[in-house]
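Asks: Assemble chain C onto chain E, guided by the hints.
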Amino acid sequence: MKGELKELKLTVNGKSYEFKVKPKTLLVELLRNELKLTGAKIGCLDSACGACTVNIDGKAVRSCSILALQANGREVITIEGVADGYKLHPIQEAMVEHGAIECGFCTPGMVMSARALLGENPAPSQEEIKEAIQGNLCADEGYVKYIEAIEIAAKKMRGGN
Amino acid sequence: MIADFEYFAPKTVDEALSLLSKYKEEAKIIAGGQSMLVVMKRGLLSIEHLIDIKGIEALDYIKYDEKEGLRIGALTMHRAIEKSPVITIQTRNWGTIGGNLCHGDPAGDPAPVFIALNAKLKLASLGKERVIEMEEFSQDYLEVALEPDEMLIEIQVPTPPSHTGTACDKLMVMKGDMGVVGAAVSITLSPGDGICKDARIALSNCASTPLRAREAEKKLIGKVVNDSLLVEVGEVASTEATPPVDVHGSAEYRQEMVKVLVRRAATKALERAKAA
Chain E
189 MKGELKELKL TVNGKSYEFK VKPKTLLVEL LRNELKLTGA KIGCLDSACG ACTVNIDGKA
249 VRSCSILALQ ANGREVITIE GVADGYKLHP IQEAMVEHGA IECGFCTPGM VMSARALLGE
309 NPAPSQEEIK EAIQGNLCAD EGYVKYIEAI EIAAKKMRGG N
Chain C
139 MIADFEYFAP KTVDEALSLL SKYKEEAKII AGGQSMLVVM KRGLLSIEHL IDIKGIEALD
199 YIKYDEKEGL RIGALTMHRA IEKSPVITIQ TRNWGTIGGN LCHGDPAGDP APVFIALNAK
259 LKLASLGKER VIEMEEFSQD YLEVALEPDE MLIEIQVPTP PSHTGTACDK LMVMKGDMGV
319 VGAAVSITLS PGDGICKDAR IALSNCASTP LRAREAEKKL IGKVVNDSLL VEVGEVASTE
379 ATPPVDVHGS AEYRQEMVKV LVRRAATKAL ERAKAA
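Going down the list, the sequences are from chains E and C. Here the first sequence stands for residues 189 to 349, where the numbers follow the numbering used here. Here the second sequence stands for residues 139 to 414, where the numbers follow the numbering used here.
No lab work stands behind these hints, which were simulated from the structure alone. For glycine and all other residues, C-beta sits at the position ideal for the given N, C-alpha and C. Among these hints, one or two may not hold up.
To be verified - With a Cα cut of at most 20 angstroms, we get these calculated DMTMM-like pairs of lysine to aspartate or glutamate:
1) E:LYS210 to C:GLU144
2) E:LYS210 to C:GLU186
3) C:LYS160 to C:GLU285
4) E:LYS190 to C:ASP190
What the hints assert, rightly or not - Okay, the calculated beta carbon distance ranges per label pair:
5) C:PRO286 to E:PHE293: 39 to 45 angstroms
6) C:ARG209 to E:ALA271: 41 to 47 angstroms
7) E:ASP245 to C:LYS160: 27 to 33 angstroms
8) E:GLY246 to C:SER156: 40 to 46 angstroms
Stated by the list, open to error - Stretches of chain C that chain E covers, calculated by requiring three or more beta carbons in the stretch to come under 8 angstroms of a beta carbon on chain E:
9) 144 to 153
10) 164 to 175
11) 182 to 192
Bound conformation, chain E alone (with noise of 0.2 angstroms):
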């Protein structure tokens, strides 16, 4: 039946939940409207602006560009489950010392995009990085502070000062 309610199975931020969704609801909705994690903005809603972008397994994915029911068994990390408690991640605290934010609004996006990047290659080039970012859209063009945030988070996490 057309909107019959559907069983979604996922985890998010290390959490197992289990919803019941109409199968038109994205991925963001359900992360912003049932779980109240506010965190993966609404920009653009059209795959275009990257506010939305959340961990999915590991990658970094437009979360307003896939269905909730599409990640369905698979492992969600959002911006609120970066941070170890109170303790930030290092790509956020580097973006906080090295003054990599603007509005802040395109951050959450960064920092999951980063996430992602450094995950699969703890010492990627500026290249490399600017490709990892390229999806995510600075309304301030704050490009360059980011990336060199981005460099300075990874050398830390390799164990560098």
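Replies: Just chain C, lined up with the frame of chain E:
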């Protein structure tokens, strides 16, 4: 926003084909959904029954052997293809190669590349399979040669003949963006005299489908290729293009860029053919 639909997530190709044969025109397949959800959000597509095939693991593979050539499962993700040692095209973590081709967008990158590579597509319906040329798959803007009960299973790229070089290039507003126009070129040389034995040129965003520039190909075949011939080839390809007009470029601008991109891609393909 998106209208309600019924949702299925089959785990096997047969399950998916059974659903397709049951619902036919009322059903639509979603894979990664990276293009389709955009179309759905704009209200251009409303669906009764949505068949989500992303979970069919059997269609996620990249295989190569010399005899069969390259075989890519329809649900292989762009990112996996990019990272695979056998081929490079583009990036995306969720979108699938088959979904991209079935979306039928003339601005897409993979279709012209596959046309230049002389690829074929394996399509299946319940109990039936057929193989068609990539070139014949695109019918019109966002329309492809799939019957209502059919789905794309595999992309087959033959091993190129010896002394073949291929290359593609596109004009982008922003790196990683869709091409304003693009070109993919394959050139095969005959080894002794360096004469062009075969050439395939395909353009993106130059017509309502990915466009094979056959007149431009004819210019190359049977000749020793040099820079001035490649300039001419670009000019001929440009006359075959009837590009769309939008904020990223007028038709005239795109036609000019076809000249440049065909020449660039062909120059690179030629270098590679000589080195092969």
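Asks: List, from low to high, the hint numbers that the structure doesn't satisfy.
Replies: Violated hint (a single one): 8; every other hint is consistent with the structure.
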